[in-house]
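Q: Each protein sequence line maps, in turn, to chains L and A.
Each residue of the first sequence is one higher than the last, beginning at 1 in the numbering used here.
Each residue of the second sequence is one higher than the last, beginning at 1001 in the numbering used here.
Be careful, since some hints might not be right.
Unchecked claim - Residues from chain L that face chain A, not an exhaustive set, calculated with beta carbons under 8 Å:
#: 1; residue: Leu-17
#: 2; residue: Leu-293
#: 3; residue: Pro-303
#: 4; residue: Ser-304
#: 5; residue: Pro-310
#: 6; residue: Leu-328
#: 7; residue: Leu-347
#: 8; residue: Asp-353
#: 9; residue: Asn-369
#: 10; residue: Thr-389
#: 11; residue: Ser-393
Stated by the list, open to error - Heads up, incomplete: computed chain A residues facing chain L, CB under 10 Å, no partners named:
#: 12; residue: Glu-1012
#: 13; residue: Ala-1014
#: 14; residue: Arg-1023
#: 15; residue: Asp-1028
#: 16; residue: Leu-1029
#: 17; residue: Leu-1033
#: 18; residue: Pro-1034
#: 19; residue: Asn-1039
#: 20; residue: Glu-1041
#: 21; residue: Glu-1044
#: 22; residue: Lys-1045
#: 23; residue: Leu-1046
#: 24; residue: Arg-1047
What the hints contain is simulated information worked out from the structure, not anything from laboratory work.
Cβ coordinates follow ideal geometry from the N, Cα and C atoms, glycine included.
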Amino acid sequence: MILNDLCYLSIGEAAALFRERKLSPVELVDAYLARIGKLDPRLNCYVAVFRDRARTEALRAEWDFARGEFRGPMHGIPVALKDLFDMAGLPAGANTRVLKDRMSTQDALLVDKLRHAGAILLGKLQMHEFAMGSPLLNDPVPPARNPWDLERMPGGSSSGSAAALAAGLCAGSYGSDTGGSIRHPAAHTATVGLKPTYGLVSRRGAVALTWSMDHIGPMARRVEDTAILLQVVAGYDPADPGSAEVAIPAYRDALGGSIHGLRVGVPTAYVESLAATEVMALFAEATKALSELGAEVRDIALPSIHHAGPIFLTILLAEAVAYHEDWLSRRADQYGRDMWLRLLPGLAFSAADYVQAQRGRAMLCRQMNELMQAVDLIATPTMPRTAMTFAESAAAPPVPRSPFTRLANITGQPSISLPCGFYEGLPVGLLLTGRVFEEARVLQVADAYERATNWHHRRPNLGLN
Amino acid sequence: MPNGSETEKLSEFAALVRRSGVRASDADLAVVLPIFIENREGLEKLRRALAEDEEPGADLASIVRRITR
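Okay, chain L solo, but in the shape it has when bound (with noise of 0.2 Å):
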């Protein structure tokens, strides 16, 4: 096989060959280096790469299948993390000043996990700032580009990791999601991303943005490689005030089957007030698919959408605010500028103004429980554009910029984005919204989408495929 096309291989198809000795995870991981070597200079979506540990962790992987040893699918595959998990002895960065000197002292839990499943950690992958603060070109770290064209962004706050899956510079990765992190950029980049229900995986060990409506989740080129890696991630953490105590269905096990009848809703006239026509062009034949499939696609209203927007924004620079406020009396001159600049309106909020979103978030989500009695799932285009060039985005108001995405952290629902066609040679990605703890549904349908397409099968030209 070419070096760069181990670099494609999905998580299933690489376990498949270690388990049937075709391949190695030595081979495996000294191909992602070598491509890392090569593109990542220009992409800049590593912060940090851990070569050494990573090809001792592959010989380890190498030795126990040699023992007939093999502990899962995850099991010498390598991944990279968004540089906001904490690895012991390692600076927890976030893309911040402000904690250039907060070393970490034990590992989150989604680090532990990954271990115990076998899995091969890369690196650390880059971010916007805290999160939230979109970066600048001249930026003292640099920000990652988007591999399908290097002067637009690839999308936030997980850029990194879209960026990096899409370049083929790791087999997976795992972002957080607040108002759309991880959806936001898998739709710019081509990839996938699932956003899963609040309090499904554990939050120990990540930096926070908004207690409320921060989610950890998987970020891939498959949705099969999506579901193995919630898999390993899913679960009850007691440390976790929102984590959930819920059964975790096995996740791979839903996919590959028939979505006959499944009800698909689309929200017509929200998607079209907010959708350039190029985006509204390739959703439309994307639930034209997703008919051809058996589903049954109606139109639907979103109740008080009008709403979300002062809800979520009020819900997450009051708790952001809450979360920074020694740092901005005490370190203002640290902070990258517009994750100073989103922050200042929180700081005008009121007590009350705060709980009047927290009580239209309980409205909203009653209103959502009771539509998605009429519905399975959800769609609308992730989101309403394809990606800003870099001077796009500094000439553009400091606000979250993912009016679909949002409305699932106020809720808590699962949300998906996957591919579904491009423009101009940029993609656009379609977003599929379930009900609470059925993420094993939201996975079936983005998978019997993706079958029945071949967007993911497109790679950027970076001049080595």
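Start from chain L and add chain A according to the hints.
A: Chain A in isolation, oriented as in the chain L frame:
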């Protein structure tokens, strides 16, 4: 430059922000003032909707249930 009414709004916004002890420049506050105003208008509409809602404060009650569990 902001006009008279906008200057008033900026002063009000600046006072709210600086009450927190955070030193923000007028130039920075002027950039995000429209975001604050738009959000405040959105919250006002939300308040009116909540006044007609059947179960105001349901989510807050669940927080108390968690404490007493």
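Q: Does each hint hold? Answer for all of them.
A: Okay, the hints, checked on the actual structure:
1. Leu-17: violated (47 Å)
2. Leu-293: violated (37 Å)
3. Pro-303: Because about 11 Å separates Pro-303 (chain L) from the closest Cβ in chain A, which is outside the 8 Å limit, the hint is violated.
4. Ser-304: holds (7 Å)
5. Pro-310: It holds, given that the least Cβ distance between Pro-310 (chain L) and chain A is near 3 Å, below 8 Å.
6. Leu-328: Nearest chain A Cβ about 5 Å off; hint holds.
7. Leu-347: holds (4 Å)
8. Asp-353: holds (6 Å)
9. Asn-369: Cβ of Asn-369 (chain L) sits 12 Å from chain A, so the hint is violated.
10. Thr-389: violated (20 Å)
11. Ser-393: violated (15 Å)
12. Glu-1012: Holds, because the Cβ-Cβ distance from Glu-1012 (chain A) to chain L comes to roughly 9 Å (cut-off 10 Å).
13. Ala-1014: holds (9 Å)
14. Arg-1023: It holds, given that the least Cβ distance between Arg-1023 (chain A) and chain L is near 6 Å, below 10 Å.
15. Asp-1028: Hint on Asp-1028 (chain A): holds, closest Cβ of chain L at ~6 Å, below 10 Å.
16. Leu-1029: At about 6 Å, which falls below the 10 Å cut-off, the nearest Cβ of chain L leaves the hint on Leu-1029 (chain A) intact, so it holds.
17. Leu-1033: holds (8 Å)
18. Pro-1034: It holds, given that the least Cβ distance between Pro-1034 (chain A) and chain L is near 7 Å, below 10 Å.
19. Asn-1039: holds (5 Å)
20. Glu-1041: The hint holds - Glu-1041 (chain A) has a Cβ within 10 Å of chain L, the shortest such distance being about 8 Å.
21. Glu-1044: holds (9 Å)
22. Lys-1045: holds (7 Å)
23. Leu-1046: It holds, given that the least Cβ distance between Leu-1046 (chain A) and chain L is near 5 Å, below 10 Å.
24. Arg-1047: holds (6 Å)
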